[in-house]
Amino acid sequence: MNLDGENVNKNVSTTGNLSFSITTSTTGLNFAPKHVVAVWIEDESGDFVKTLKVRANYQINYLYQWKNSSSSNTVDAITGATLTSHQTHNLTWDCTDVSGNVVIDGTYKIRVEFSEKNGQGPYTQYTFIKGATSNELNPADETYFKDVSIVYTPDATTVEDVDASDFVSIYPNPASDFVVLSCKKPINGITIYNMLGQAIDADIVKNNQFEYRISFKKEISSGVYFYKLNLQGASKVGKFLIEFNRL
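The opening position of the sequence shown corresponds to residue 1444 in the numbering used here, with each subsequent residue numbered one higher.
Since the hints were made in silico from the structure, they are not lab data. Cβ coordinates follow ideal geometry from the N, Cα and C atoms, glycine included. Treat the hints loosely; a few may be bogus.
Taking lysine to any residue pairs in the SDA-like style, the calculated list, with each CA pair at most 25 Å apart, reads [unchecked claim]:
1) K1649 to N1616
2) K1560 to D1537
3) K1552 to K1627
4) K1682 to D1644
5) K1560 to D1540
6) K1649 to F1687
7) K1627 to L1684
8) K1661 to K1627
Between beta-carbon pairs, the in silico distance windows are [stated by the list, open to error]:
9) F1653 to E1686: 24 to 30 Å
10) Q1568 to S1664: 30 to 36 Å
11) E1686 to F1474: 46 to 52 Å
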């Protein structure tokens, strides 16, 4: 949850770069392995941001998810003919929208869709956090989408005003059922995310304006998690480990 309902990092637009790699796998249907494919970015609300790649000729109409989201917008996208075989797609995004503006920091979705028939084909999505701190994700393979790599890197020269004076401490780390997070600047909002960039439910109690106790539900899994702080015009993102002892 987000403390006090705050929109963390609401008005900050950190410049940076996203590297995304994915390998698609055939369904074996109709025209396989020939297929049309699209990769695009949406914000946390599901609003279209930018198309990264579309390879399609006449069958482009069967990229239903992409067309509904983007209205077929291909500004700055890689485009070309229908693909004759499946492959690895290595793509980058400079964190700008179709107007060339750097988007605000927050959670974004990378959406992927392909079709080997005259109809809806497989599609999936991955989420990541864009902000002042780099992060790297390697989601598990799916039936038709494999070897996924997501690497987000903010530009060092334009990262928000978060420096040594904004030092954050978190303990215990690894954690079990709670952590105490403190910062040298007043904290206005906290959100906890999993490796998929999804906000998780947590009980956040304010000890004082610089320190919070965050308790976790037993329903979540052990693993790496991210915290994101709103620090009055800046933000701070970091990670910690949860290791539940369920003997």
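Pair hint K1649 and N1616, alpha-carbon separation not exceeding 25 Å
holds, 19 Å
Within a Cα-Cα threshold of 25 Å, do K1552 and K1627 meet the stated pairing?
Answer violated: K1552 to K1627 is near 32 Å, above 25 Å.
Are F1653 and E1686 spaced within 24 to 30 Å by their CB atoms?
With Cβ atoms ~26 Å apart, the hint holds.
Please work out if K1661 and K1627 have their alpha carbons no farther apart than 25 Å.
Between K1661 and K1627 the Cα gap is close to 30 Å, so the pair fails against 25 Å, i.e. violated.
Confirm or reject the claim that Q1568 and S1664 have a C-beta distance inside 30 to 36 Å.
violated, 20 Å
I want to verify a distance hint. Is the separation of the beta carbons of E1686 and F1474 within 46 to 52 Å?
Holds - the Cβ-Cβ distance for E1686 and F1474, about 48 Å, lies within 46 to 52 Å.
Going straight from one Cα to the other, do K1560 and D1540 come out at no more than 25 Å?
Not satisfied, since the Cα-Cα distance of roughly 31 Å exceeds 25 Å.
Check the hint pairing K1560 with D1537 against an upper bound of 25 Å on the C-alpha distance.
With a Cα-Cα distance of about 32 Å, the restraint between K1560 and D1537 is violated, given a limit of 25 Å.
25 Å Cα cutoff - pair K1627, L1684:
holds, 22 Å
Between K1682 and D1644, is the straight-line Cα distance small enough, at 25 Å or below?
Between K1682 and D1644 the Cα gap is close to 16 Å, so the pair holds against 25 Å.
Given the hinted pair K1649 and F1687, is their alpha-carbon gap at most 25 Å?
Judged against 25 Å, a Cα distance of about 23 Å means the pair holds.
Going through the hint list in order, the structure does not satisfy hints 2, 3, 5, 8, 10.
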